[in-house]
Amino acid sequence: MSTPSDSNGAAQAEAQQERLEEVMRAVEALIFAADEPVTPAQLGAVWADVAGEAPLPDAQIETAVDRLNDRYATDGRAFRIHRWAGGYRMATTEEVAPYLKVLFQRDRRRRLSRSLLETLAILAYRQPATKPEVDFVRGVDSDYALRKLCEIGLADVVGRSEAVGRPLLFGTTPRVLDAFGLDALSDLPNLREVEGLLNEPAYDQERARLLMLNGLGDPGEGGADAGDPADPEDHA
Amino acid sequence: MSTPSDSNGAAQAEAQQERLEEVMRAVEALIFAADEPVTPAQLGAVWADVAGEAPLPDAQIETAVDRLNDRYATDGRAFRIHRWAGGYRMATTEEVAPYLKVLFQRDRRRRLSRSLLETLAILAYRQPATKPEVDFVRGVDSDYALRKLCEIGLADVVGRSEAVGRPLLFGTTPRVLDAFGLDALSDLPNLREVEGLLNEPAYDQERARLLMLNGLGDPGEGGADAGDPADPEDHA
Amino acid sequence: MYRIQIQDFEGPLDLLLFFIRRDEIDVHDIPIAHIADEFLGYVRVMEQIDLDGVADFIYMAALLISIKVRMLLPRPEVDDEGEPLDPRRELVERLLEYMRYKEAAQGLAAYHEQRGDLFTRGAASAVHPDAAWEREPEEILNASLFNLIGALRRVLTEADADEPHHAVAAVEYDVATQRAFVLDRLGREGPLTFVALARHRHKGFVIATFLAVLELARQGAVHLARTPDASDFIVAPAEPPASAPGRVNGHVNGTTAS
Numbered sequence: 195m196s197t198p199s200d201s202n203g204a205a206q207a208e209a210q211q212e213r214l215e216e217v218m219r220a221v222e223a224l225i226f227a228a229d230e231p232v233t234p235a236q237l238g239a240v241w242a243d244v245a246g247e248a249p250l251p252d253a254q255i256e257t258a259v260d261r262l263n264d265r266y267a268t269d270g271r272a273f274r275i276h277r278w279a280g281g282y283r284m285a286t287t288e289e290v291a292p293y294l295k296v297l298f299q300r301d302r303r304r305r306l307s308r309s310l311l312e313t314l315a316i317l318a319y320r321q322p323a324t325k326p327e328v329d330f331v332r333g334v335d336s337d338y339a340l341r342k343l344c345e346i347g348l349a350d351v352v353g354r355s356e357a358v359g360r361p362l363l364f365g366t367t368p369r370v371l372d373a374f375g376l377d378a379l380s381d382l383p384n385l386r387e388v389e390g391l392l393n394e395p396a397y398d399q400e401r402a403r404l405l406m407l408n409g410l411g412d413p414g415e416g417g418a419d420a421g422d423p424a425d426p427e428d429h430a
Numbered sequence: 195m196s197t198p199s200d201s202n203g204a205a206q207a208e209a210q211q212e213r214l215e216e217v218m219r220a221v222e223a224l225i226f227a228a229d230e231p232v233t234p235a236q237l238g239a240v241w242a243d244v245a246g247e248a249p250l251p252d253a254q255i256e257t258a259v260d261r262l263n264d265r266y267a268t269d270g271r272a273f274r275i276h277r278w279a280g281g282y283r284m285a286t287t288e289e290v291a292p293y294l295k296v297l298f299q300r301d302r303r304r305r306l307s308r309s310l311l312e313t314l315a316i317l318a319y320r321q322p323a324t325k326p327e328v329d330f331v332r333g334v335d336s337d338y339a340l341r342k343l344c345e346i347g348l349a350d351v352v353g354r355s356e357a358v359g360r361p362l363l364f365g366t367t368p369r370v371l372d373a374f375g376l377d378a379l380s381d382l383p384n385l386r387e388v389e390g391l392l393n394e395p396a397y398d399q400e401r402a403r404l405l406m407l408n409g410l411g412d413p414g415e416g417g418a419d420a421g422d423p424a425d426p427e428d429h430a
Numbered sequence: 078m079y080r081i082q083i084q085d086f087e088g089p090l091d092l093l094l095f096f097i098r099r100d101e102i103d104v105h106d107i108p109i110a111h112i113a114d115e116f117l118g119y120v121r122v123m124e125q126i127d128l129d130g131v132a133d134f135i136y137m138a139a140l141l142i143s144i145k146v147r148m149l150l151p152r153p154e155v156d157d158e159g160e161p162l163d164p165r166r167e168l169v170e171r172l173l174e175y176m177r178y179k180e181a182a183q184g185l186a187a188y189h190e191q192r193g194d195l196f197t198r199g200a201a202s203a204v205h206p207d208a209a210w211e212r213e214p215e216e217i218l219n220a221s222l223f224n225l226i227g228a229l230r231r232v233l234t235e236a237d238a239d240e241p242h243h244a245v246a247a248v249e250y251d252v253a254t255q256r257a258f259v260l261d262r263l264g265r266e267g268p269l270t271f272v273a274l275a276r277h278r279h280k281g282f283v284i285a286t287f288l289a290v291l292e293l294a295r296q297g298a299v300h301l302a303r304t305p306d307a308s309d310f311i312v313a314p315a316e317p318p319a320s321a322p323g324r325v326n327g328h329v330n331g332t333t334a335s
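Protein chains in written order, with the working numbering: chain R, 195 to 430; chain A, 195 to 430; chain B, 78 to 335.
Just so you know, these hints were derived from the structure itself, not from any lab.
Don't take every hint at face value.
What follows is a set of in silico ranges between Cβ atoms, one per label pair, in the way DEER data are often shown [said to hold, decoys possible]:
no., chain 1, residue 1, chain 2, residue 2, range
1, R, 211, A, 344, 46 to 52 Å
2, R, 256, A, 213, 33 to 39 Å
3, R, 381, A, 263, 32 to 38 Å
4, A, 344, B, 253, 34 to 40 Å
5, R, 207, A, 201, 40 to 46 Å
6, B, 251, R, 381, 36 to 42 Å
7, A, 368, R, 208, 47 to 53 Å
8, R, 257, A, 261, 28 to 34 Å
9, A, 231, R, 211, 48 to 54 Å
10, R, 381, A, 270, 30 to 36 Å
11, A, 375, B, 155, 29 to 35 Å
Ideal Cβ positions, reconstructed from N, Cα and C, are used throughout, including at glycine.
My request is simple: use the sequences and hints to build the entire structure.
Written out as structure tokens, the structure reads:
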């Protein structure tokens, strides 16, 4: 026989468990049905509206999402909930990517060219930035790249600089976060310090790789050139 | 001790079970990610392509889908796989419908239709503007769009024109700046900048000029224009 | 077939970085005269084939030359405090800054790649707007643009030597004709090196053929691959005829692509 207080505690625990299950169901359904990341605020507000309670605190939503992901993993589900762009979004796991690539024929999809990636990197780290600033860092005219980024919704005009001529300021859009699987731009690693870059083993590797391609510059005499980088003129 | 045939049978059963699990994972992922019903033929063909086998027979796909639905029910998932329009599609269960209704109601206002965006753009560049002016630039009746914009709080009546019939003058509200993340209307790209940003053959210069009669064409003087309540006809 | 995937150069800074890395140059002590000469060599070829973005390279070439000249001044320039100024300093700072963003761009590419393996619901609908996303021409080219330019430069230099300028006849070559010419020769002879295609020809012929090959490669009608010694590149039909299995006809100094 259980004492009254025992059964009371058990009943309470059961009620709590039931509530968590219901939160999980609501959160799962909302994240499943949305076609963009759903913010904790949105989820909490919807819950409040339907349950007639105060909005769910973010921590409870996070717990529900964590539990859902645990279950997906245990049950072998082919998707997980990710935290992207400040919200939650469901996406398939890496293991099933081969099937999806075949169905959607997207093996070559959504590759961004280097010029777009470079321009986007500059915007992401320095925003807001003007076109002249981007041009200067890249050493090339970035007209096309900026236009293309705006066109595909990864960049946007965010204002005007106070500098001479009042050039437009560009920045990245929230879509960047979703497209790159980031929760916030601050999740990007810091720009590396120059000294670190120069001492990087990968740098040496690339150097070795490039050395193999030696002679590319001037097929006729490339080998000799490369081996003798010193030029007396320079030290005059 | 198990006889060789016993362990053989067990190994075979295990292999079969593993295969079924993989089929389930593939089927689940494909149905999850598609935005329209996926036919058994499509699913079978994708499997064949990735696994390098013969296409999956429909019966096996049906088994996999049934098993998935069983698991969803047992595990309390908020969605099921339905057979619709000759294919499979995932949809949320009826129990969670109330949450989704609230989400989509809250969400709806966040997206501006094309006609609203067009009308808003005209107002932003050419304000204050009368309905006949907006109609003229868009080439269609903008009654609904103007009313809707006022309703959402992005546009407002700002006065009456001196023209015949003294039509109402519309303009944008400060909420527009907020919604587009701009400090001032003069931060909007001017004609030359828009041209540069769009750079598409479909871009109609005449229309653009019509739009920007207010003189936003020059970034140097941009600041004065937006707030300038002068009648656009003055500059025509 | 011997293939190597190397990246294109994004601009003059990228090309400079390439030289610096290839020659193991200390970034803080760049042999400007040597680099400027090599850089100019490329710019001249780029000008001839009228490549996009050549203006940025010309600007950089001018900058390199001005630095070179300043370094030859008998008395070094000094700053406000009388400290000697290294004319290369500003360029070096730009190069280093560019390196940082170049690395950041590679980081972004990795994130993008990873994210690309994760499919959200309704991902199929994203197939259509994909047209707005970039198609990378580099995916089709197995040799870099500078690879190609290197080969072009070699042929042009030869052509120059063979044909004194005053003898240049006003013969017009156009890309469409050269496309047909390239496809015809590949069809009959199988994979060929570019030098074999264009050797001893008029400069206009060489350039038009080069542009035709680029265009064919972009359309996937031919594959390009580097020769092992990197001094030339191989043009192969997209579907090589059975009669020429992987054999390269041309003067490749005994190297065969396998």
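The hints, checked one at a time:
1. 211/R to 344/A: 46 to 52 Å: About 49 Å separates the Cβ atoms of residue 211/R and residue 344/A, which means 46 to 52 Å holds.
2. 256/R to 213/A: 33 to 39 Å: 36 Å Cβ-Cβ, so the 33 to 39 Å window holds.
3. 381/R to 263/A: 32 to 38 Å: 37 Å, holds
4. 344/A to 253/B: 34 to 40 Å: Between residue 344/A and residue 253/B, where Cβ atoms are some 57 Å apart, the hint is violated.
5. 207/R to 201/A: 40 to 46 Å: Holds: the Cβ-Cβ distance is about 45 Å, inside 40 to 46 Å.
6. 251/B to 381/R: 36 to 42 Å: Because 52 Å falls outside the window, the suggested range is violated.
7. 368/A to 208/R: 47 to 53 Å: This hint holds: roughly 52 Å between Cβ atoms.
8. 257/R to 261/A: 28 to 34 Å: 29 Å, holds
9. 231/A to 211/R: 48 to 54 Å: Violated - the Cβ-Cβ distance for residue 231/A and residue 211/R, about 36 Å, lies outside 48 to 54 Å.
10. 381/R to 270/A: 30 to 36 Å: At 32 Å between Cβs, range holds.
11. 375/A to 155/B: 29 to 35 Å: Hint violated: Cβ distance 47 Å, outside 29 to 35 Å.
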